[in-house]
Amino acid sequence: MSTAYNVLFRRNYTMLGAVFAGAFAFNLGYDSLMTKIWDNNNKGRQWKDIRHKYVEEE
Amino acid sequence: MAPLSTMSRALARSAMKQATTVRTISSTPAVLGSSSTFSSPFKGESKSTKVPDFSKYIAGKSSGNALFSYFMVGTLGAISAAGAKSTIQEFLVNMSASADVLAMAKVEVDLAAIPEGKNVIVKWRGKPVFIRHRTAAEIEEANNVNVSSLRDPQADGDRVKNPEWLVMLGVCTHLGCVPIGEAGEYGGWFCPCHGSHYDISGRIRKGPAPLNLEIPTYDFGEGDKLVIG
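Just so you know, the protein sequences line up as chains B and U, in that order.
The first sequence begins at 1 in our numbering and counts up by one.
The second sequence begins at 1 in our numbering and counts up by one.
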């Protein structure tokens, strides 16, 4: 049996912890990836891209 | 009569024995030989009834399989958990006020235009907001009240950010009328609907109202700007 199996999957609570930690990490990565794709698709059309044309320094 | 019955019994017994032996033959496991070894008891069997040899496909050791299946279970569980979380989150975020609504929900007031000892009423989110530029005497009067004797005990310092400026929601805490400024027995506000008297700090002193006048969230901006909301 490999160490990954022994450390993560042998006991239920470690399995559950690994699953939730993985869900958290996946959520962060997926969100940032999708935001990047969205921003790339709408480059130059969003407020944060054209803000400097309208708002002077505060 | 007797011999006939014994003979029939013996016949039946032998028939049963034969049946059981037939059954044992038919249920013998088919893994004895390396080639296809399931020998059917029936005559004229075709090739398609033979059970093939699966020994080639039997896993050598099961640990890798267990690791892989637990990994797949865990991965799919994690993805489902992330999906469920973001589904609920998006529904809840959908209900909250959007950025343009929040931007309209603020009111800016120029405090330099309000002389000392005067009230100003501004509209904020559909409700009146009282702003009073209090004099030093009024601040002292508000601070000299015995807090524990009040119906809704609250020190004046907890109700104002800057004691000079009293900012509060102009809605009577009794039934929601708008109190009249610089009136009442305590020199503060008086609600004409049912006769609640508020003092110079907006605290209820007499009448049916249960609570002090509410304080909205506000901030003193740059210079003489007051931002409510």
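The hints are simulated quantities; they were obtained by calculation from the structure and are not laboratory data.
Remember, it's a predicted structure, so these values are computed and weren't measured experimentally.
Every residue gets a Cβ at the ideal spot worked out from N, C-alpha and C, and that includes glycine.
Honestly, I wouldn't trust all of these hints.
What the simulated footprint calls covered on chain U by chain B, stretch by stretch (three residues with Cβ under 8 Å from a Cβ of chain B suffice, anywhere in the stretch; the number is not a length) [stated by the list, open to error]:
#1 82–90
#2 112–125
Once the Cα atoms are required to be at most 25 Å apart in a straight line, the calculated DSS-like pairs of lysine-lysine come out as [to be verified]:
#3 K118/U x K85/U
#4 K123/U x K50/U
#5 K36/B x K118/U
#6 K161/U x K85/U
#7 K36/B x K48/B
#8 K48/B x K118/U
Worksheet item: Which earlier hints can't be squared with this structure?
Response: 2, 3, 4, 5, 6, 8
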